[in-house]
Amino acid sequence: MTTEQDLRLAMLATIPNLRAFAVSLAGNPTHADDLVQTTLLKGIENLDKFEPGTHMRAWLFTILRNQFFTEMRRKRREVDDPDGTISGSLAVMPAQDARLDFTDMQAALSKLSPDQREILLLIGAEGLSYEEAARITGTNIGTVKSRINRARNRMMEILGLERDDDFGPDRLSRSSMSAHSIV
Amino acid sequence: MLPRDLTDRLGEALRSYYLRLMDEPVPDHLIRIVRGLDAKGGAQDDD
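Going down the list, the sequences are from chains A and B. Quick note: the first sequence uses this note's numbering, first residue 869, plus one each step. Quick note: the second sequence uses this note's numbering, first residue 38, plus one each step.
Calculated from the structure, these hints are not laboratory results. All C-beta atoms in this analysis are idealised placements derived from N, C-alpha and C, irrespective of residue type, glycine included. Be careful, since some hints might not be right.
What the hints assert, rightly or not - Among the chain B residues that face chain A by a calculated CB cut under 8 Å, a handful are:
#1 T44
#2 L47
#3 L51
#4 R52
#5 I68
#6 I70
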């Protein structure tokens, strides 16, 4: 028997994933924490609707991404940003030794369309299956597959990477210059 | 479609980035919401 306390514990355990997803999706840590807060509040309000046996993470991710896209559509109408290219500032200042790798990735992600960014995070970073990602995003597996392929190709293009060797630190450092210059 | 090895390397780089974000400390107010310590989350008693 799953108690409300069990569900709250499951929610707590999911917060780091929610924050990482939100920061990467929104590109802004303040906006990300607002999204996570709204998600948690909605989750608690609707705990009775959570189906035992399903994944808390997937359920909360669905709430969060729906909130994000609703806000984005609203904002797009307000600021007339039809391409959805509202770019975020860097979310986190990582330690100096890994700064380039981290900022490369952040900058490259910010240049993907929101749909591509979302699917790359769910599958590439969170490790969800195509089926889970399709359920969360309200699409089908075919859409997920084509979207993830386009997202990966676009990331390689943005980072200026073509071969396995290109993932070395020197190449990544050089590619960061081109990635940042597109911002 | 990208070759498998490139897809794998991109995945590694992405997960590495993501893990750094997950290691960030969770703001206290988010924990308090789930534990039911904030007004909108439930009881208002502090610990």
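Each hint tested on the structure:
Taking 8 Å as the C-beta cut-off, the interface hint given for B/T44 holds, the closest approach to chain A being about 6 Å. Hint on B/L47 holds. Least Cβ distance to chain A is approximately 6 Å, under the 8 Å limit. Of the supplied interface hints, the one on B/L51 holds, with its beta-carbon coming within about 5 Å of a beta-carbon of chain A, less than 8 Å. Among the interface hints, the one on B/R52 holds; its C-beta lies about 6 Å from the nearest C-beta in chain A, closer than the 8 Å criterion.
Contact between B/I68 and chain A, as hinted, is supported at the beta carbon level, the nearest pair being about 7 Å apart and thus within 8 Å. Because the closest C-beta pair between B/I70 and chain A is about 5 Å apart, less than 8 Å, the hint holds.
The structure agrees with every numbered hint stated previously.
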